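**Q** Given next are the chains, with one letter for each unit.
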Amino acid sequence: AQTVTQSQPEMSVQEAETVTLSCTYDTSESDYYLFWYKQPPSRQMILVIRQEAYKQQNATENRFSVNFQKAAKSFSLKISDSQLGDAAMYFCAYRSAGQGGSEKLVFGKGTKLTVNP
Amino acid sequence: EAGVAQSPRYKIIEKRQSVAFWCNPISGHATLYWYQQILGQGPKLLIQFQNNGVVDDSQLPKDRFSAERLKGVDSTLKIQPAKLEDSAVYLCASSLGGGTGTPQYFGPGTRLTVT
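Chains A and C, in that order, give the protein sequences. Each residue of the first sequence is one higher than the one before, starting from 608 at the first, in this note's numbering. Each residue of the second sequence is one higher than the one before, starting from 5 at the first, in this note's numbering.
This list has only true hints and no planted wrong ones.
Pulled from the structure, derived: some chain C residues nowhere near chain A, Cβ distances all over 12 Å:
no.: 1; residue: Glu18
no.: 2; residue: Ser31
no.: 3; residue: Arg68
no.: 4; residue: Gly76
no.: 5; residue: Glu89
no.: 6; residue: Ser91
Okay, the calculated bits of chain C under chain A, using three or more residues with CB under 8 Å as the criterion:
no.: 7; segment: 43-50
no.: 8; segment: 107-113
Here are the simulated DSS-like cross-link-like pairs (lysine-lysine), alpha carbons at most 30 Å apart as the crow flies:
no.: 9; chain 1: C; residue 1: Lys66; chain 2: A; residue 2: Lys716
no.: 10; chain 1: C; residue 1: Lys15; chain 2: C; residue 2: Lys48
no.: 11; chain 1: C; residue 1: Lys48; chain 2: C; residue 2: Lys66
no.: 12; chain 1: C; residue 1: Lys87; chain 2: A; residue 2: Lys716
no.: 13; chain 1: A; residue 1: Lys680; chain 2: A; residue 2: Lys662
no.: 14; chain 1: A; residue 1: Lys719; chain 2: A; residue 2: Lys680
no.: 15; chain 1: C; residue 1: Lys48; chain 2: C; residue 2: Lys19
no.: 16; chain 1: C; residue 1: Lys75; chain 2: C; residue 2: Lys48
no.: 17; chain 1: A; residue 1: Lys662; chain 2: A; residue 2: Lys685
no.: 18; chain 1: A; residue 1: Lys716; chain 2: A; residue 2: Lys685
no.: 19; chain 1: A; residue 1: Lys716; chain 2: C; residue 2: Lys19
no.: 20; chain 1: A; residue 1: Lys716; chain 2: A; residue 2: Lys662
no.: 21; chain 1: C; residue 1: Lys66; chain 2: C; residue 2: Lys82
no.: 22; chain 1: C; residue 1: Lys15; chain 2: C; residue 2: Lys75
no.: 23; chain 1: A; residue 1: Lys716; chain 2: C; residue 2: Lys82
no.: 24; chain 1: A; residue 1: Lys677; chain 2: A; residue 2: Lys662
no.: 25; chain 1: C; residue 1: Lys15; chain 2: A; residue 2: Lys716
no.: 26; chain 1: A; residue 1: Lys677; chain 2: A; residue 2: Lys716
no.: 27; chain 1: A; residue 1: Lys685; chain 2: C; residue 2: Lys48
no.: 28; chain 1: C; residue 1: Lys82; chain 2: C; residue 2: Lys48
no.: 29; chain 1: C; residue 1: Lys87; chain 2: C; residue 2: Lys66
no.: 30; chain 1: C; residue 1: Lys15; chain 2: C; residue 2: Lys87
no.: 31; chain 1: C; residue 1: Lys87; chain 2: A; residue 2: Lys719
no.: 32; chain 1: C; residue 1: Lys15; chain 2: A; residue 2: Lys719
no.: 33; chain 1: C; residue 1: Lys82; chain 2: C; residue 2: Lys19
no.: 34; chain 1: A; residue 1: Lys719; chain 2: A; residue 2: Lys662
no.: 35; chain 1: A; residue 1: Lys716; chain 2: A; residue 2: Lys680
no.: 36; chain 1: A; residue 1: Lys719; chain 2: A; residue 2: Lys685
no.: 37; chain 1: A; residue 1: Lys662; chain 2: C; residue 2: Lys48
no.: 38; chain 1: C; residue 1: Lys82; chain 2: C; residue 2: Lys15
no.: 39; chain 1: C; residue 1: Lys48; chain 2: A; residue 2: Lys719
no.: 40; chain 1: C; residue 1: Lys48; chain 2: A; residue 2: Lys680
No lab work stands behind these hints: they were computed from the structure. The structure presented is a predicted model; accordingly, all values stated were derived computationally and were not measured. Yeah, the Cβ is synthetic: ideal placement off N, Cα and C, and Gly gets one too.
Can you make the complete structure from the sequences, with help from the hints?
**A** Below you can see the structure in the form of structure tokens.
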């Protein structure tokens, strides 16, 4: 079974600075998807960024980028120019790419990000 | 485009009572998911529907939890009877599915408190 580990329960960053959230995963599959979701307090889960395992190029979405190291099974999220609105729980998630089967997301326990003004 | 809708947003019940949650996915999304998120943890899949068929319910406690997706659109998740450990946020999500790798989009969740 696949597992996702987020080793940083909490992180903090100064506004306008850069922060990196760590995520490692364990799988025997070669094809899969990885996601970062953001969950603000008492608000719904929002997709931040998505990475296909077969793509070597790291995904980027505006101020958010990932460092995907397939051999190391590492998938970190970098937030540049941090803003107060970035404060939230961040979850790393894994999904198998197999067709016709379960498409469940396997989540880590999350990292709580605080942005200081 | 309207997002995933869920109701109610909050529910408080006593143990051994029953409760039901409703979800309306994004229009055109064939796949619907119910996740359970216990405080301090990441969500865990309870059940996945593809249209109105069940794809994965391996982690659904079937002695007390049931779910249906009649007509392949809306879905209802029921707990009967509830236990204290069922206190959690129940998240509904939807996606185009079909192995396309498209992301799952989540609703606001229903926060259940069992006393």
